[in-house]
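For chain A, the structure is supplied; the task is to place chain B on it using the hints.
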Amino acid sequence: MTSERSVKVRNGFHQAKWDEELLFELHKPGERGLVVAPVEPGIAAEVGDGLSALPAALVRQQAPALPEIGQMRVLKHFLRLSQENLGGDLNIDIGQGTCTMKYNPKINDALAADPRMAKLHPLQDPSTVQGALEILHSLDLYLREISGMDRFSLQPASGSSAILNMVSIIQAYHASRADGQTRDEMITTIFSHPSDAAAAAVKGYKVITLLQNEDGLPTLEDLKRAVGPRTAGLLITNPEDTGIFNPQIQAFVRAVHEVGGLCGYDQANANGILGITRAVDAGFDMCFFNLHKTFGTPHGCGGPAGGALGVTQALAPFLPVPVVEFDGHRYSLNADLPQSIGKTRAYYGTAQVALKAYAWIRALGAEGLREVAEVAVLNNNYMLAKICRIRGASAPYAKGRDRIEQVRYSWEQLYKDTGVTTEDIALRMADFGMHLWSSHHPFIVPQPFTVEPTESYSKEELDEYLAVLSQVSAEAYRDPQLVKTAPHRSVCHRIDPGPFDDPKRWAITWRLYQRKMK
Amino acid sequence: MAERERPGHPYIPNSAPAVKAAMLDEIHCGSIEELYADIPESLRFRGRMNIPPALAAESQLRQHVEAILTRNTSCAQATNFLGAGCYNHYVPAICDEIGRRSEFLTAYAGEPYEDFGRFQVLWEYQSLMAELLDMDVCNVPTYDWFQAASTSIRMAGRYTGRRRALVAANISPDRLQSIRNYCEPVMEIKMIGSDRTGLLDLEALDANLDDSVATVYFENPGYLGGLESRGQRIAGLTHACGALLVVGADPSSLGVLAPPSSYGADLVCGDIQSLGNHMNFGGGMGGFIACRDEEKLIMEYPSRLFGISRTEVPGEFGFGDVAYDRTSFAHREHGKEFIGTAAALHGITAAVYLALMGPGGMRDLGVHLLQKAQYLSRRLATLPGVRAPGLDAPFFKEFVVDFNLTGCTVAEINQALLKHDIFGGKDLSAEFPALGQSALYCVTELVSQQEIDRFISILGTILGGK
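Chains A and B are the protein sequences, given in the same order. So for the first sequence, our numbering puts the first residue at 1; every next one is plus one. So for the second sequence, our numbering puts the first residue at 519; every next one is plus one.
A few of these clues could be false.
Stated by the list, open to error - Cross-link-like lysine-lysine pairs, in silico, BS3-like; alpha carbons within 30 angstroms at most: (1) A:K518 / B:K708; (2) A:K203 / B:K814; (3) B:K708 / A:K203; (4) A:K203 / A:K224; (5) A:K17 / A:K28.
Rather than coming from a laboratory, the hints here were simulated on the basis of the structure.
Looking at chain A on its own, in the form it has when it is part of the complex (with noise of 0.2 angstroms):
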């Protein structure tokens, strides 16, 4: 036996490939899939058919067009296509930087399926449900001490719902000072998430977006110009998405500070400072997690995900509710805040993805959360440090400095050479199992790509994807063509764009397809 796995690149590899039918072409009229149980004998007997009393207009007249299909049929179907998704446990997912694409622990999802939390109604009385309460209200402790804030609520849906939080708390609170009116500017940088602009400009501001310098940061004379009287806040990452930690962080928040305004931290990218840096020690009033980010829930195509807001104690009367109490023996839900912005998704946030990224701590404690981030960022490193040897690849920006969790690489002297791109060489990685993302718009970077290879994934993983990237490049100057032309061994080859910008042609629906694709 040997003592090293083997790094090889696997030319061998399909994906499924089913040729499954549309769903609706599965329809065969009489087949049924579930059987919904009748009432009991004396249900109907004293109410008869149900529908007789309500108004006609009110009774559906056709039925709807949904398709006939049996039982097995219909699990095989949607199996066909579940084969037909990589998602991250098959794939080395760290092409897709700014998500954190780690590992999501099969314990956790086991825990959440628990009937104790899944058929948890949200208004059952409080005492029905002190283990949920415990849960939430235990991560808002342990996220306390990640991050130095004072409270955290757990409502907000996800990242971006998190950031529409924190602007609807700096608007808030200017109001509560008679200051809003005047306070008409939110700050964000070119690197921060789009959300940290969009959700600024959903609440009325007007969105200054300060653009990078040769480091790939922001700067503090660009700051300072562009605060002043009118400014309501800065929203803004740190390490930005080049994975790039911006050292005059203090001084930004200074400077918001000094002339009013609010400070909030988008923590999209926290995934390499666990436990060695904290929100609050830059000075920031608020910050939020993505827990399907840097907390290990999974991130179900899509949601559902989590985006847990913290806030310093003047911040706290402004958090949506409720908010979980706990006096020592109970736990409790608490709608009383005169201040609150009130509500912004439905109950207490999504308790089941809380529920695994507190089990996620609890296996890992405060040191295994260090460790977390400390080899997150060892392994990103050491991808940088391929990469860069990788032919037609470089990553702008802050020569020779090292980066946090993720790095922004461009295929910009690839793509001189030899006109592939990026989106041709990440059509290509999908022949071996493999994603590669951009970058979010506009492309600040020419031909990027995104890396984060998280604390999931062996050497020999890491080697592994490295292995794949190199031989795309090679075929990429080797024989153009085939990088042009791929993928040549995934579920569909290139797509035709042309319906989805076309209104006489989209077909967002069947029924759509139907009346126009046919």
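Just chain B now, kept in the frame of chain A:
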């Protein structure tokens, strides 16, 4: 004997010291600490986080969490009459089977070339919802009904170029708070009162409609359970002043109830938790927004909209984002509202549910709920002092129960019921003071006649003892 090395953490394969050393060596770095050189010492946290020691053994973790969960009593252990936006409907086994598939559960933002399945299944979800709602278009799920209603109102505002929204006052107060938070200050929310049946006051509506109004929003069934049969008239009034009609609907009702599109709704929104998703203490929600195939309206969606296309190989389908340029992903603050992670997995589960149910299942479910709710209402009305339904409008699976003449508060009644493992209906006394001591009762197909009869007997005793 040398001290045994601590085992590495199962979630962190490279935590073995030898692996770390080898990796550091390869990148010519002396220590991990050096990699944090950009973080100034003034920002470094040198304390200790007060978090309990690791439960690295999975068996310990399971025992620990399960011990906490024993302090919950689930709806599977009780008779539940709570609804009010979150419903204990039956979840078919196949919904769990697919909703827990690792390939869907752990995927995120892949393209159709590696995550083809999620594009097809979410396109099928949009398609199934469109049939159920009798609309052309439905979005990839947003967070919940709260968000779907808020965004529908904002869409109507942009579509019409107007700022006022008229909202039926019989809405859930929580949902209203959320709409206010999301829509203000860009839009002005004006409430329209209810008539004595708890439904929209049409005279008040008419008096408030003018060419500054972007939209009229009401829910059918309403939060208090009432069914609005004057949809066509409301649509007529709304359209006459150039506004859009937005209707919130319960998808579990649409096998039997007329879809809002049939009486003129321009946008329909609501929640898909009822469609095969577990309640999860309120975490099982997912919002939908549907409309007709009109470019101008579709271009106002902030949501993902997946479309179907062909590939370069004949006979092959492909999928992708329709009109991506609308979104904040494409244009940050210049996109429509914002888009991010929401509730896609709940959409996948809802697709499985609707595929299983078909038109017959949805009809049978609707009939079942109507019958059972009517039965519960009749049985309640036999109790002295209890008025059920408490409002005169017809209802679907929920209705108000008026306890004002019993001399008992809803809180007292619910505490007494709890001793018998019965979760009484939602206390409305704080949310709707005008209703006094009233509660919102809900049935699903999981409450049996036997449980209802037992409940009536126990409630009779509770009220009789007063």
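Consistency of the hints with the structure:
1. A:K518 / B:K708: With Cα atoms ~45 angstroms apart, K518 (chain A) and K708 (chain B) exceed 30 angstroms; violated.
2. A:K203 / B:K814: 23 angstroms, holds
3. B:K708 / A:K203: 18 angstroms, holds
4. A:K203 / A:K224: OK: K203 (chain A) and K224 (chain A) at ~24 angstroms, within 30 angstroms.
5. A:K17 / A:K28: 24 angstroms, holds
This entry does not satisfy hint 1, going by the numbered hints stated previously; all others are met.
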